[in-house]
Structures are given as C-alpha cells and as structure tokens.
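A.B. asks: Let the hints inform the model, and build the full structure from the sequences given.
Number of protein chains: 2
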Amino acid sequence: MTDLSPVLDRADRNLDDSLDRLSRLVRIKSISTDPAYTADCRAAAEWLVATLADIGFDASIRDTAGHPMVVAHHAGATDDAPHVLFYGHYDVQPVDPIELWENDPFAPSVKDIGAGRKVITGRGTADDKGQLMTFVEACRAYKEVNGSLPLRVTILFEGEEESGSPSLKPFLEANAEELRASCALVCDTGMWDGDTPAIAAALRGLVGEEITISAADRDLHSGLFGGAAANPIHILTDILAGLRDETGRITLEGFYDGVEETPSNIKAGWESLGRSAENFLGDVGLSIPAGEKGRSVLELTWARPTCEVNGIWGGYTGEGFKTVIAAKASAKVSFRLVGQQDPAKIRESFRAYVRSRVPADCSVEFHEHGGSPAIQLSYDSPVLTKAKTALSDEWANPAVVIGMGGSIPIVGDFQKMLGMESLLVGFGLVDDRIHSPNEKYDLKSFHKGIRSWVRIIAALAAR
Amino acid sequence: MTDLSPVLDRADRNLDDSLDRLSRLVRIKSISTDPAYTADCRAAAEWLVATLADIGFDASIRDTAGHPMVVAHHAGATDDAPHVLFYGHYDVQPVDPIELWENDPFAPSVKDIGAGRKVITGRGTADDKGQLMTFVEACRAYKEVNGSLPLRVTILFEGEEESGSPSLKPFLEANAEELRASCALVCDTGMWDGDTPAIAAALRGLVGEEITISAADRDLHSGLFGGAAANPIHILTDILAGLRDETGRITLEGFYDGVEETPSNIKAGWESLGRSAENFLGDVGLSIPAGEKGRSVLELTWARPTCEVNGIWGGYTGEGFKTVIAAKASAKVSFRLVGQQDPAKIRESFRAYVRSRVPADCSVEFHEHGGSPAIQLSYDSPVLTKAKTALSDEWANPAVVIGMGGSIPIVGDFQKMLGMESLLVGFGLVDDRIHSPNEKYDLKSFHKGIRSWVRIIAALAAR
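Which chain is which? The protein sequence lines are A and R, in order.
1 is the number of the first residue of the first sequence in full-length UniProt numbering; add one for each residue after it.
1 is the number of the first residue of the second sequence in full-length UniProt numbering; add one for each residue after it.
Just so you know, the hints here were simulated from the structure itself, not pulled from any lab data.
Incorrect hints may appear among the rest.
Intra- or inter-copy, both count: the list cannot distinguish identical chains.
[To be verified] Think about it this way: if two alpha-carbon atoms lie no more than 20 angstroms apart in a straight line, the pair counts; the simulated EDC-like pairs of lysine to aspartate or glutamate are:
| no. | residue 1 | residue 2 |
| --- | --- | --- |
| 1 | 416 | 58 |
| 2 | 345 | 17 |
| 3 | 328 | 431 |
| 4 | 169 | 421 |
| 5 | 386 | 217 |
Bear in mind that the values here come from a model prediction, so they are computed numbers and not experimental data.
C.D. replies: Written out as structure tokens, the structure reads:
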C-alpha cells in the first residue's frame with residue numbers, strides 16, 4: 001500500500017483553508033423544511049458545485065420537484081479503480097428557539113471550549129456540512145499531491161434530508177445507472193467518543209405523522225361552554241397519553257411485529273462499552289432512563305422502537321391567560337423503527353388508534369411526514385473491515401461497530417434501489433447539539449475526519 | 001311611577017349617535033393581557049372619562065399598578081335617591097387567530113345577518129364595550145330629557161377584567177368609601193335568548209394556572225436520545241390526561257369539597273327552558289355533551305365545576321417536521337368552581353398532583369393566573385324583583401333567573417369588600433362569539449339594552 005504521509009501532511013497544511021471553506025458553506029441558510037429558505041438551499045447547492053469543480057470534479061446542479069441535488073463525478077487513477085458513491089446533505093434543521101443561541105447560527109465562529117477542545121459553532125456545522133466537507137477536503141488533498149484520486153468517486157449531496165427526502169427516491173430511480181457504485185460512503189453519523197471512531201451497522205427507521213383534532217366550529221368561551229363542549233386539547237392529550245403503557249411499551253396494535261431481541265453477543269459488546277444511564281443522560285442534564293423499563297440506554301436508543309411527540313400546540317399560548325376552549329389542537333408524532341417493522345403498517349395502526357378515540361361530533365386530520373424502515377448492515381463485509389482498520393490507524397482507540405438511534409433513509413434506498421450496501425462513518429460527538437441551539441463541530445472531528453477519509457479511500461483502493 | 005316614554009323615545013332617537021359612540025370605543029385596541037397594547041388601554045379609559053364628563057359625570061382616570069380605572073360620579077335628582085354602583089370593563093380579549101376574522105376586529109361595521117337581525121362586529125362589541133355603553137346611553141337619555149338622574153350613580157370601569165383583575169382588590173380596598181353603594185349593577189352577562197332577558201344569580205368561580213415541565217437542559221435529537229431521554233410533552237400529556245376519569249369527573253384530591261347538588265326545584269326550572277344538548281351544542285357545530293356524564297348541559301355549564309386546558313405548547317410547531325425532543329412543554333389550565341369550592345385549596349391540590357407526576361430528574365414551574373370563588377346571589381332580593389319586572393316590561397318574554405358558567409370575580413369582591421350584592425343584567429347572545437374571531441353584538445341587544453336600563457333605573461328609584 002502506497003505511503004499516505006504526503007497526502008495526510010497536505011491535509012494538515014490545508015486545515016485553515018478547509019475550515020474557511022466550511023465556514024462559507026455554514027453561512028448559507030439552507031433550512032429545507034421552511035419554504036422561506038428555498039433560495040438559500042439552491043445557493044448552498046451552487047456553492048458545492050463550484051467547490052467540487054475547483055477540485056476537478058465534473059459537478060452539476062440537478063433540479064428536482066423540491067430542493068436540487070448536487071451530483072459530481074471524478075475518474076479513478078486507473079480504469080479498474082473501484083467506484084464509490086459518497087453521500088451527504090447540505091440542508092440543515094430550523095434554528096428555533098433562536099433566543100437560545102449564544103452566536104448567530106449562520107455566523108460560524110471558532111471557540112475554545114476548554115480541555116484542549118476547539119469547535120466551530122453554527123447550524124449545520126455537525127449535521128451535515130462539516131461532515132460532508134471532511135470527504136471533499138480529503139479528495140482535495142489527494143488531488144493536490146497526486147493529481148488524481150485512487151478511487152472512481154461519485155458524489156451525491158441532497159438538500160431535503162431534514163424534511164423527509166421527498167425527491168430522493170424519484171431521483172435515484174431516474175439516475176440509477178449514473179449513481180450505482182460498488183458501495184456507498186455516508187458521512188452523517190458520529191464517533192463513539194472523542195478518541196474512538198465508530199462504524200454504524202444498525203439504524204432505526206422513522207415514521208412521522210401530524211394530527212389535528214377539530215371540535216367546535218370556533219373557539220369557545222370556557223365559561224359559557226366549559227363542561228359541556230368537547231375540548232380538542234383534552235382529546236389530543238388523552239390520545240397521546242394512551243400511546244404508552246406503564247412499562248413504557250407502545251400500545252399500538254401490532255407495533256412490535258418484526259421487532260427481535262438483539263443477539264446476546266452484540267448486547268454484551270455494547271455493555272462492554274460501559275455507557276451507563278448516568279453518563280449517557282448526564283450529558284444533557286438527566287439521569288433516569290425513560291421509555292421501556294429494564295433495558296440499557298444503548299439498547300433503548302439503538303435496538304428498540306419508540307414513539308415521541310416532537311411538537312404540540314393548541315389554544316391560547318401567548319402572554320397572560322385566555323379562558324378559551326380551542327377549535328383545534330395539533331401534534332407532530334414520530335416513531336423510531338427497528339428490525340423488520342413496517343412503516344406503512346405502523347402509520348395505519350396509529351391512525352386507526354387515533355380515529356377510534358375521536359368523539360363522533362369531532363374530527364381528525366392526518367398529515368404524513370415521511371417514513372423509512374430500519375436498516376441492518378452486515379457486520380463483516382470487506383468494506384467495513386477495511387474501513388475499521390483505516391480508522392483504527394488514525395485515532396487513539398480502535399474503531400467500534402455500533403447501532404444508531406437515528407434513521408438515514410438513504411441507506412435503505414441505496415440498498416433497495418441501487419443494490420449497494422453503505423459504509424456509515426462520521427465524526428460527530430454526542431455534545432454537538434445537532435437539531436438544537438448552539439450546534440457545533442469539533443475541529444478535531446473535522447481535521448482527523450479529513451485524515452480518516454484519506455486513509456479509507458486508500459484502503460478501499462488497495463487490492 | 002313617572003312616565004318613562006319621553007326618556008325611552010329619546011333613547012330611540014339617539015340610537016344612531018349611540019352606535020357611533022360605541023364604534024369609536026371599539027376602534028381602540030384595549031387588549032389588557034398583552035403589554036404591547038398598554039397605551040391603547042389608557043386611551044380607552046381616557047375616551048370613557050371624556051364621554052362621561054360630556055353627560056355631566058364627575059369622571060376621572062385613576063391609575064393602578066396595571067391598567068387604569070375609570071371612576072365617575074353623578075348626583076341623584078333628590079338627596080335621598082338610592083346610590084348604585086355600575087360596573088363594566090373596557091379591556092378586551094386578544095384577537096388571535098386573526099386570520100379567522102372576516103373584518104378587522106378593530107374596524108367595527110354594521111352587518112345584516114338575516115332573520116331581521118343587524119349586528120355590529122368587532123372585538124369587544126359584546127364583551128364588554130357594547131354592554132357598558134347601554135348603561136351610559138341610558139343615563140344620557142335621562143339627562144337630555146330630565147336634566148337629572150333619578151338615582152345617585154357611581155360608575156367603575158376597569159381595564160384588566162380579561163387578565164384576572166390584578167389591580168381591582170387593592171383599588172376597592174383603597175376607595176371603599178367612595179365606591180360603596182346600596183347595590184352594584186354589573187352588565188357583562190347574556191340574555192336567555194333573543195327575546196328573553198335574564199338575570200344571573202349563580203356564577204362559577206375560576207382558578208387559572210400555567211405549568212411548564214422541563215426535562216433535558218437542551219432540545220435533543222429524537223434519534224440519538226429517543227427511548228432513553230424524558231420527553232416533557234409526554235409528561236405533560238400524561239398529567240393532563242390524568243385530570244379526568246372515564247366518567248368525566250375531575251380526579252384532583254378534594255376537588256368536589258364544597259360542591260352541592262342543585263336544588264331539584266331550580267333544576268326543574270332549568271329543565272323547563274327546554275335547552276337540549278343538541279340545540280345548545282348545535283350552535284357551535286357539536287352535539288355530544290363532554291364532561292360529567294348524566295347531567296344536562298345547563299347543569300354542566302351553570303352548576304358543575306370543570307377543568308379545561310386552555311392552551312398547550314412544546315417542541316417544534318412550525319412547518320414541516322423536526323425530530324426533536326423538546327427541553328420544555330407548557331400548558332394553561334383553568335378550573336371553573338361552584339358552591340363553596342376554595343380556589344386556594346384547588347390550586348394547591350392541582351400543584352401537588354402535578355408535582356407527584358414529574359420524574360425526579362425533571363422539574364415543573366407554576367405560574368398563577370388569578371382565582372375567584374363561585375358566587376350565589378339571593379333569588380328573592382327587592383333589587384332583583386324590581387329589575388325582573390322592568391326587564392319583563394321591555395322584552396317580548398318575561399325575564400328568567402339563571403345560573404352562569406363564566407366567573408365575574410368583581411361580584412365576589414363587591415360582596416366581600418364593600419358588602420354589596422350585585423344585580424347581573426346583560427344583553428349578550430350565545431352566538432356573540434365573545435373571546436372568538438368575529439365577535440359581534442346585536443343592535444337589538446344594544447337598543448333594547450339601553451331601554452332596559454332606563455326602566456331599571458326608574459324601578460330602582462321608585463319607593
């Protein structure tokens with residue numbers, strides 16, 4: 001295997017410029033879930049096309065019904081070089097509650113947070129702009145040193161990952177030949193800890209639903225009608241409270257169909273990581289595991305399905321008090337899926353449960369917010385084995401193969417539609433506050449992330 | 001008893017001008033619950049002082065810690081004329097959801113709504129600006145015809161009725177001598193129907209509470225933490241759902257202490273009014289009584305205590321979807337009280353119940369939004385008897401003595417602090433949409449309301 005040190009050294013020398021490029025990308029307000037930022041999403045895509053072209057990629061904007069895709073191609077050093085597809089997303093989560101941000105979420109700045117840690121702050125620094133840039137900057141270092149890449153590389157950046165990826169399936173279908181590769185590299189996951197890289201092999205799926213309960217045809221005075229008129233907030237809270245029993249299990253009919261107990265050897269491996277409820281939850285100011293009783297926090301977040309209410313609203317929520325009975329009340333509800341749980345069946349079971357609890361003179365509307373099954377990747381593929389070694393060479397501790405609580409629907413789509421397995425490698429940390437105010441990305445994650453991709457690219461190119 | 005027809009005729013001839021004066025008052029955005037409208041509240045008070053001075057009242061603005069009071073005095077025609085205190089409030093409810101208003105809530109307009117009904121639209125037309133103006137315009141007609149009033153009249157208008165009247169008790173205490181009269185006239189209630197005036201003798205009390213549940217010290221990604229971290233929306237919905245049992249009874253310990261069954265003869269009278277669940281709830285698009293099972297809608301709204309969630313919010317409530325576990329979730333909750341229920345004890349019982357259901361690693365904050373006991377006025381006082389006759393003379397049907405679902409704390413304060421009973425006469429209709437979009441007041445309520453006060457003033461002055 002060729003000597004990597006020149007490429008790694010170049011990545012090191014580039015670091016300040018690499019960070020500057022990341023900052024420019026973070027400044028673009030590419031919030032995909034809010035139509036107000038449609039133009040910013042396109043601006044982010046255009047910036048990426050220009051950046052990839054600058055490294056020698058054949059890069060272009062590809063329009064969709066929603067936010068555009070970025071697709072870029074680069075030949076390998078040899079005609080028989082393996083072909084990989086790298087995936088990331090340039091869109092970011094909304095920033096509310098904005099008042100909790102210490103810095104403008106779209107004015108990234110480098111901060112020293114002590115214990116020798118420096119971070120770059122801003123929405124998307126960790127999810128996923130900082131992560132996708134680790135791969136781009138690894139390719140740049142290769143090009144600058146060797147004038148070529150040892151792999152044939154296709155890059156796909158989407159702009160709708162935070163809003164359910166509505167355009168992705170049609171795009172993969174229409175461009176399957178162009179995008180199919182020997183494997184996909186996905187950089188949207190985290191490290192086990194600051195010194196221990198991780199490869200994710202099990203991902204939870206997701207079902208998102210929004211429900212609105214309607215009662216009277218207008219808001220009512222709670223004095224005139226209270227006690228006699230249906231209150232949609234009561235109906236909604238009763239419905240939501242009924243979703244879980246006292247042991248934390250979800251009560252929906254058939255919810256656990258396709259859920260299997262994690263093999264004891266895998267569970268044993270997770271136990272050995274020594275992640276207690278206290279240190280896992282302690283990071284965010286909690287200490288007592290919620291959800292199903294009698295399971296470890298790793299099992300609860302990696303291998304068990306959940307139901308979470310992600311938002312709720314109804315009635316008067318302003319200052320002071322208003323003695324009103326609202327006409328409507330709404331909630332956003334999501335389910336995390338594992339094993340073989342069927343998103344369509346769970347959505348239908350949820351809707352049937354809700355309908356059965358709405359009084360005859362009230363009504364309910366449902367709005368679908370995406371769905372994807374859980375993913376289980378093989379624990380022993382050559383790609384995973386090579387990546388594990390490459391990561392172990394870069395970091396202080398050997399890489400671990402883990403489960404993941406979050407869902408990355410693209411991995412299932414690559415499997416189903418392009419017949420590719422994915423390698424899930426990322427450098428986020430548990431305190432990155434992704435989806436929350438004050439999101440950040442460690443400079444160490446960014447720097448060693450770039451170096452990690454240099455090593456993985458070399459390992460995947462080696463025979 | 002003196003011939004009233006000249007005064008009644010003058011009230012009739014004044015009607016267009018009276019309506020114009022009401023419109024000017026409605027245009028003032030006196031929303032007391034939102035600090036953004038503090039200046040508008042003062043402007044409404046100043047407009048009323050000028051209007052009362054114009055009729056010959058000795059009227060003035062009286063500052064408080066909150067929005068100002070308006071106090072005005074007028075001597076009686078004779079030194080021994082009975083002294084009455086008239087009460088109303090110039091503040092109004094917020095207007096949200098503003099998008100549901102067909103007209104600008106602060107640009108009143110007269111509309112023909114069919115069936116020979118004309119109404120004036122706008123926030124506060126019925127609650128309480130239109131109602132308090134019926135009395136002011138009755139006094140104006142008397143002055144214009146007789147140059148005097150047969151009663152000694154003190155007027156008290158407050159500007160905080162829609163936000164719990166925080167300044168009222170201290171003001172009554174500090175000005176007890178000035179405000180004490182033989183009885184209070186309160187115009188903030190409704191008719192039984194469009195042809196049947198009503199005098200309210202039983203009013204429900206109110207306890208308002210706001211609770212905020214806090215879990216993690218930041219918003220969390222539901223993928224990374226879902227299933228292990230406490231979700232404050234789940235805690236909140238479980239708490240709220242647990243407030244009622246399957247029979248609709250409130251589960252708080254001691255909640256029904258002091259609640260007595262309504263005497264069967266009173267209940268029988270209510271039954272005879274023929275108000276079915278279908279026609280009571282049908283007006284607002286509902287048909288099935290909520291709340292306690294096996295009781296009539298009149299009993300549920302007049303004689304039974306309730307618990308209503310008036311507002312709820314937490315997590316992501318914007319467009320699209322955000323897979324977040326919120327750090328906090330909040331609700332505004334109110335209890336309607338009857339009989340001898342103690343507001344302080346019920347607030348404490350509620351807080352104890354909530355605290356007992358908050359996990360040890362989470363917390364709850366309470367914010368008090370006012371409280372008042374229920375009121376039961378004597379069914380046979382001379383004032384009530386005289387007013388009943390006067391109202392029966394004006395309207396097509398005789399006046400009925402009813403209960404009321406809403407609370408008017410001032411009535412309890414007059415009783416406790418000034419030793420006065422109140423006469424509750426008002427001309428609102430069930431479809432006035434008070435506290436809702438498209439609030440209106442019937443011109444018939446306004447016109448015959450003015451004439452009704454002319455008659456009541458005369459009746460109370462008669463020996």
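A.B. asks: Please work out whether the CA atoms of residue 328 and residue 431 approach to 20 angstroms or closer within one copy, between two copies, in both situations, or in neither?
C.D. replies: Between copies only: 19 angstroms across chains, 37 angstroms inside a chain, cut-off 20 angstroms.
A.B. asks: If the cut is 20 angstroms between Cα atoms, do residue 416 and residue 58 qualify within a copy, between copies, both or neither?
C.D. replies: So residue 416 and residue 58 fail the 20 angstroms test inside a copy (27 angstroms) and across (84 angstroms) alike.
A.B. asks: Classify it for me, residue 169 with residue 421: is the Cα-Cα distance of at most 20 angstroms met within a copy, between copies, both or neither?
C.D. replies: Cα proximity of residue 169 and residue 421: one copy only (16 angstroms, versus 72 angstroms across).
A.B. asks: Can you tell me if residue 386 and residue 217 fall within 20 angstroms by alpha carbon in one copy, between copies, both or neither?
C.D. replies: neither (63 angstroms within a copy, 39 angstroms between copies)
A.B. asks: How would you classify residue 345 and residue 17 at a CA-CA limit of 20 angstroms: within, between, both, or neither?
C.D. replies: neither (49 angstroms within a copy, 66 angstroms between copies)
Violated hints, listed in ascending order, are 1, 2, 5; each of the other numbered hints is respected by the structure.
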